[in-house]
Structure formats: C-alpha cells, structure tokens
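Can you make the complete structure from the sequences, with help from the hints?
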Amino acid sequence: MVLFGLDLDYAACVVLFCLGLYMLVAKSNLLKKVLGLNVMETAVFAFIVTAGMVEGGDPPTLGSGTSPPYASPIPHAMVLTGIVVAVSVTAVALALIAQIHAHYGTIEVDELKELP
Amino acid sequence: MRWLGAALVVVAAATMIAGVADLPVHGTPDAPIHRHVGAHYLEHGVAETGMRNMVTAVLLVYRGFDTFLEVVVIFTALVAVLALPRGAAESGPARVVSTAGSTGATASDTDAVGTQRADVPVSPVVFFVVRLIAPFIAIFALASLYRGHITPGGGFQSAAIFGALFIALALVFGRERVARLVPVPARVWLQAVGPVLFALVAFVGWCLTGAFLGYPAEAAAHAVREAMVVTLEVGIAVGGAVILAQLFMVMEG
Amino acid sequence: MSVPWATPLPLATLLPWLVVLPLVGAALVPIVAVGRPRRAGRFTLLVVLLTVAVAAGLVWHLHVMGPFSVSLGGWAAPYGIELRFDRFGAWTLPLAGLFAFVVPFSWRYLDGTLPPERWAVFYALLLLNLGGLLGFSVTGDLFNLFVAMEVVSLSSYALVAVAGRGVAAWAALKYLLLGAVSSLLVLFAVGLLFTLTGSLNLLDVTIRLAAGGPSPAATLALASLVVAFMVKAALFPLHVWLPDAHAIAPSPVSAVLSGLVVKVGIVGLLRVLQLAAGSGVPLEVFSQVLMLLGAVAIVMGAFLAIFQDDIKLMLAYSTISNIGYIVLGLGLASPFALIGGSVHVFNHALIKVTLFLAAGSIIHQTGFRTLSDLRGVARVMPQTSAAMAIGAVSIVGLPPTAGFVCKWYIALGAFEAGQSGYGFALVFGALFIFVYYVRMLNAFYFQQPVRPEVAAAREPPWSMRGPVLVLAALCLIMGILGGIPLAFVEPAVTDLLLSMGR
Chain G
1 MVLFGLDLDY AACVVLFCLG LYMLVAKSNL LKKVLGLNVM ETAVFAFIVT AGMVEGGDPP
61 TLGSGTSPPY ASPIPHAMVL TGIVVAVSVT AVALALIAQI HAHYGTIEVD ELKELP
Chain D
1001 MRWLGAALVV VAAATMIAGV ADLPVHGTPD APIHRHVGAH YLEHGVAETG MRNMVTAVLL
1061 VYRGFDTFLE VVVIFTALVA VLALPRGAAE SGPARVVSTA GSTGATASDT DAVGTQRADV
1121 PVSPVVFFVV RLIAPFIAIF ALASLYRGHI TPGGGFQSAA IFGALFIALA LVFGRERVAR
1181 LVPVPARVWL QAVGPVLFAL VAFVGWCLTG AFLGYPAEAA AHAVREAMVV TLEVGIAVGG
1241 AVILAQLFMV MEG
Chain W
2001 MSVPWATPLP LATLLPWLVV LPLVGAALVP IVAVGRPRRA GRFTLLVVLL TVAVAAGLVW
2061 HLHVMGPFSV SLGGWAAPYG IELRFDRFGA WTLPLAGLFA FVVPFSWRYL DGTLPPERWA
2121 VFYALLLLNL GGLLGFSVTG DLFNLFVAME VVSLSSYALV AVAGRGVAAW AALKYLLLGA
2181 VSSLLVLFAV GLLFTLTGSL NLLDVTIRLA AGGPSPAATL ALASLVVAFM VKAALFPLHV
2241 WLPDAHAIAP SPVSAVLSGL VVKVGIVGLL RVLQLAAGSG VPLEVFSQVL MLLGAVAIVM
2301 GAFLAIFQDD IKLMLAYSTI SNIGYIVLGL GLASPFALIG GSVHVFNHAL IKVTLFLAAG
2361 SIIHQTGFRT LSDLRGVARV MPQTSAAMAI GAVSIVGLPP TAGFVCKWYI ALGAFEAGQS
2421 GYGFALVFGA LFIFVYYVRM LNAFYFQQPV RPEVAAAREP PWSMRGPVLV LAALCLIMGI
2481 LGGIPLAFVE PAVTDLLLSM GR
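In the order they appear, the protein sequences are chains G, D and W. The numbering used here puts the first residue of the first sequence at 1, with every later residue one more than the last. The numbering used here puts the first residue of the second sequence at 1001, with every later residue one more than the last. The numbering used here puts the first residue of the third sequence at 2001, with every later residue one more than the last.
Worth double-checking, as some hints may not be accurate.
To be verified - Reference excerpt, derived from the structure (chain G facing chain D, CB under 7 Å, subset only):
1) 31
2) 54
3) 60
4) 76
Everything labelled a hint here was simulated from the structure, so no lab data went into it. Cβ atoms here follow ideal geometry from the backbone N, Cα and C, with glycine treated the same way.
Structural data, given as structure tokens:
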C-alpha cells in the first residue's frame, strides 16, 4: 500500500524495528530487553518476506494447485534461517539471564548497576 | 536513558525510512528481486532439483551450505547453554536485593532459584487436551517432514513442532517423566546428528560429483538425490528436535 | 558420474572442508569426551591441526595458482553459494594456527577454571568459533556471511561467561545485546541489498550496485553494514562492550576474542569497501568517518589503558587502540596505509594472543590480576615474563619487531595521503602505548614482590608454557621475516585499490 509515495508495509517494518530498539534500550528489565530484541528480529524478517511477495502471487510451491506469479523463494529461505538464528540468540540470552539471576537475585539493570 | 533511547530511535527510524522509501514498491512482479536469481530458481528449479517446493530446493540444494551453517548455529546455542554455569550452586551465592518491591525477590524466590522447581499444577482440562492432541501433533510434524519437498514444510518446521510438543508434554507431565523420551546416553549423539549427517551427505556428494554437497544430475540417479535430501531433512528434524528439547530441559530458573 | 579420485584431486575443492572440519569436530567433541573429559582437549587439537593442514594446502595453492573460488554444489554463482579464496584469504592459515596454540594452553588452564563436565562443551565452543571465523573469511555470499558471523558471535558470547559467575554473565549479556543488534543490522542490510539487486553474491551485488547508480537505499544498506561492523570491531564509540567482556573471559578465550574475533569487524569493513567501490555511494564520507574514529580510538584506547591496574583490562583497552590503527589504515585507503592496516590485522592477532596467554599463565599461577599485586613476578616466572616483555615491545612497535612494520606503513600512508594530522595521532598513540607497557614491565621486573603467593609462584606446566614461548619467538621472528605476510598482502591491496578506482 502506497501512501504519499511511501510504501506503508516497509514503513511498518521499520517502525516495528524501532519500537523493538526502544524496548531494548529503554527498558530496565533484562527479559524485556530480550523481548525487544525479538521484536526487532521479527521486524527484519517481516521486511524481507514483504520484499519477496508478489501482488496476487502464490507461494513458491510449484504444482500443488498453485500458478504463477510466484513469490520469490529466497526471502523465505533467508527468513527460515534467520528464525533459527533468532531462536539460538534468545536461548543463549535467556541462559545468561538465568545465570545473572542465580548470582545477583535480580534482573533489573538499575539494580545491577548499583551492585559492586 | 529513556530520552537518549527515544532520540536514538527517532534518528534510526528517520534514516531507515528515508532509505527504504527508495526501494521499488513491494509486490511489483518486475522488481529486481523477482528477476535474476529468483526467476532462475522458479523457472529451472523443478528440473534441476526434482523438488516442487522451491523454498526447500533453495534451502537444501542451491544454498545447502547456508542450511548447514544454520544447523551449526542451533547446535552452537545448545552447546553454549550447556557450557554456562547452571544453578545457584555454581553461580555463587544468590544475593537478596533489599528493594523487594520492584523485583519481588524475596528470600523464598532466591532459594527456589537453582533448585529443581516443582512443576506447576495443571488443570485437568489442559491435561486431557494435551494428552489427546499429542499424537496428532506428532503425526503432523512427521507429515511436515515427509511432504517438505512438495508442500510447505521441511526439516526445521518439523523440528520446531516436535520441540513444541516436547515442551507441552513436559509442562503437563512433569520434566522428569518426559526427559526420558531423550535418554541421557543418546543425547550427545542425537544432538550431533544435524551437522554430522550434513557433512556426510556433503561428502557423498563430493565423491559422486566432485562438488561439495553436489547432487548427481543424471536422471538415473534420481533415487540417490531423493536419499540425500531425505537424509538431510531427517537429520535436521531429529537434530533440531533433540536440541530444542534439551534447551528446555537444561535451562533452569 | 565423475569420480574425483580417478583424477588428481583439485586442491581447491578442499575449500569448503576448511570450514566444515572444525564445525563437525565441534559436534563430535561431546561424543568423544563421554566419560573421559581430557580427551576433549586432545581431540580438539587434532581437529585444529587438520584444519591448519587444509589451510596450508589452500594457501600453497593460492601462492602457486592465484586466487580461486569454489561453487558449492556445483551451482555457479550467483545461483549457488560461492567461496572465494583471494589473497586476503591467506589470513585463514594464521587464524587456524593461532588456535593451535590456544587449545593446548587450555588443557591445564581449565583445571582450576571449569569443572570437568563442562570441558567438552568449552572445546566445542572453541571449534565452533574457529569454524565460524573461517567461514566468514572465505565466503563470497552475503547471507552466508551473516550466518557464519552468527556462529562466531554465539560461541563468543558463551565463551565469555563460561567460567565466571554473575559478573561474567552480565558482561556477556551486554556483549550479546549489542552484538545481536549489529547482526540484525547486517541482516537488514542483506535484505536491502537483495531487494535492490536480486542477488546475494558479493561480486554480483557489487556489479549490480555499480550499474544501478547511487541510491539512498544502497547507502542505507552500506551504512547499516558499517555500523554493524563497527560494533563487531569495537571501534569507538561502539566499543563499550569490549573491555569487560575480554577482561572477564578466561584467558585463552580473551586471546581468541581480542586477537581474532574482533577482526570479524575489520574483514567486514573491508567487504563493505569492496561492495561500495564503484556503487556511486560517496566513499569519501565513509573514509573520513573511519579515519576520524580510528584516530580517536587509537588515542582514547591507549590513554585509558594507562590507568588500568588489571592487566587484562589494560590489554583489552590496548586492543581498542590497535583496532583504531587498523581502521585508520582502512580509512586512509592509500597503498601504504592499507598494507600497514592489513598486515597489522595479522600481527596484532599474533601479539595479542601471546600477551593474553602469557597474562593468563601469570594469573593462573599466582591468582592475581592487577599490576599492584603482581609486582616482581618476573623473578619467579622469568620465561613467561620475558614472553610478555617481547609481546609488549612488539605491540609498541619498536624495530625490528612485527608491530614496527605496520605502524610505520600506516604512518607513511597518512603522510602520503596528505593527512598528517592522523600521522601525529598515531605517534601520540604509540607514546601512550609505550607508557602503559613500560608501567607493566616496570612492575614485573623492577619492583619487589608484595604478595607471598607471587613470591612462591612457579612457571606453569609445559602445555601452557610452550605455546607462550613459541608465540613470543614468532613475534620476534615476524619482525625480521615481515616479508612473508607482505608478499600476500601487497597484491591483495593492489587489487582492492584497483577495484576501488584508485
């Protein structure tokens, strides 16, 4: 959808990315920071998949009841890989947060900064 | 910090929108993204790879090395989580934060951290529904794997569904019971299945065609190609599922 | 079907195995080490040595036949993934080689640092790190670059926190959050570039960008990449994650992180330069920014290092300063500067690994990390202290050591490009560096031990001492044999400058 010469779907992805970035930067709770990171990752995936779609197109599985035009298969492959990477980063981040909590008893950045 | 964050975000948004505005409107069929490589895959993909699902073709055949690295990434996540010290015993004494209001970190919470937490009591409705649906979820995951090269689906999707099933079962039945689904001696082998099978298939491809992860192109070698693809898919699915299950089991607190 | 063993095996096709070997090795380490944790370390060294052998074969092939590329799966680029081994790719040999020193060092170092159940996964993480670094260095595909970078990043985050308690986890998490944002910026840039050009192959994208002409989207993509790699390289002002992470990590990990992993950012910036060449994006802006930030990093890193009492924090700030040197060389983009910067990538890796391993030995044997506590340690650990002294002399850049060549080249490059101000920044930085290493050597050699544990310490076992001493010898030799890396770097730089249109 184009509004005032601006592609709204792309803009929405950018806005989502920036919302996630704000969560990452401004929230004090470590879990919320990780959630912000996840929102950013989702925004980038949405951007990539949106770029690959075709107006009125079908998914790129040829022959099973689909007909041209097809969406590009490469963004789908990229995002699949990207999701696995995002899951992996989240897993490591959560394990680190668990380690922090086990040692300090808190996962709030404000309190962590005050500890010696 | 909030104002700095807000300022940073506004600047980032402005620059990104300015750059993105220059892109061709998404969805137009003659944009650069749909020509060149993508168009080649859609035109010749079925003939060159024998698969109908172009996404799987890209993942396993054209860009198989990326998928190998992806399998390595999820393995890295598991190894990373296994390597980190776990529980209060290893991480040192948990310190109770005096400002109990914001974190609610009372003494009982910090005592519970690092010890095996008793599973949350589950309502009979949830218990019944999960037990009823579990086999169908498993079948769906298997079907996703089996049909992955024709319809949407494939190794990772099936691994994710299996992993989610495992977690649902663990939440309902309790971790100790469900952990027996992945017997302890088998864990180090099963978690390595992804990268190792991939390397084996790539090696076979190298021997057969002289190219890393090369698929024999002759029509007569159709069975070999199928076998390689199925091995890869199964490797990804089993490895991924076991890794996701282990990630859940390992993380405490 | 063609069977490659009937004909002499083309050495070039080994290229993908350079990356796959350590990664598969990492998957096998936990299996091998079941019940016998020490086997993990031995097996890891075996895998690393195999990888070094493959790298050596590939570098020899490069030397004899010139740059080559391998299309994976037989699919010609850009329809498949292409691995490229150009002259900068010769970096993979010292990269793997340095790991071959870090691994035996870890055998005894881990005794006090990690419980045996976790040794196998530690070595697995090291191998994954190596595989990712190699993959990042040889790939010719944008998305492959991203995934390889993620393998490196994930293993690095975990390696920082592996032996520590809450403090280490907190440092690792800060590293993770900043690193994950930078990885996302890379993915976003890859998505943008793919949308603009329809291809993911580096060379192909470069050509298509150049054909398309200047565009805001391409500029945004390249700017995202630059910011992302600035974070990875810990270039000022995005360096804040590095001091804590590198200082808190166990010493073999600090060696790998400071010596090798930060170079991911440098290689990334190099790739961005190659991408941007001829694309119409104003390179001058990038170059100016890089030069300025590099110069600030040189001075600031060295200045802050002077005030550190903890030797590992001091070494970490020194890394920030040296990254500044390399980036200054990249930004100046004159032949001497680029050559100096590229050779410094290798030299700094060698010297930093030496310094961190030597520091690790000292910390392991005495139990102390600060200069005030470690006074007089040279009396009880003469060999290790000598290694540290050699490393210090090398990094300050006194002739005839390795560090001298690079800094001299970069300074020449600065004056050659008419940017004498930067040349002076370089000299100032060198002076500061000189100060803090003199501080360190003074404390080790010329002061009386204050701690009884220091007075009672002894040299570490040979599996720790040997790598340190050999590396120190290499630091000395590389100054004299500086021609070898130059022989690879000079043609590479010439090619790069040609492609950039200079």
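Results for each hint:
1. 31: With a closest approach of 11 Å, the residue 31 of chain G hint is violated.
2. 54: Where the cut-off is 7 Å and the nearest Cβ of chain D is about 5 Å from residue 54 of chain G, the hint holds.
3. 60: holds (4 Å)
4. 76: holds (4 Å)
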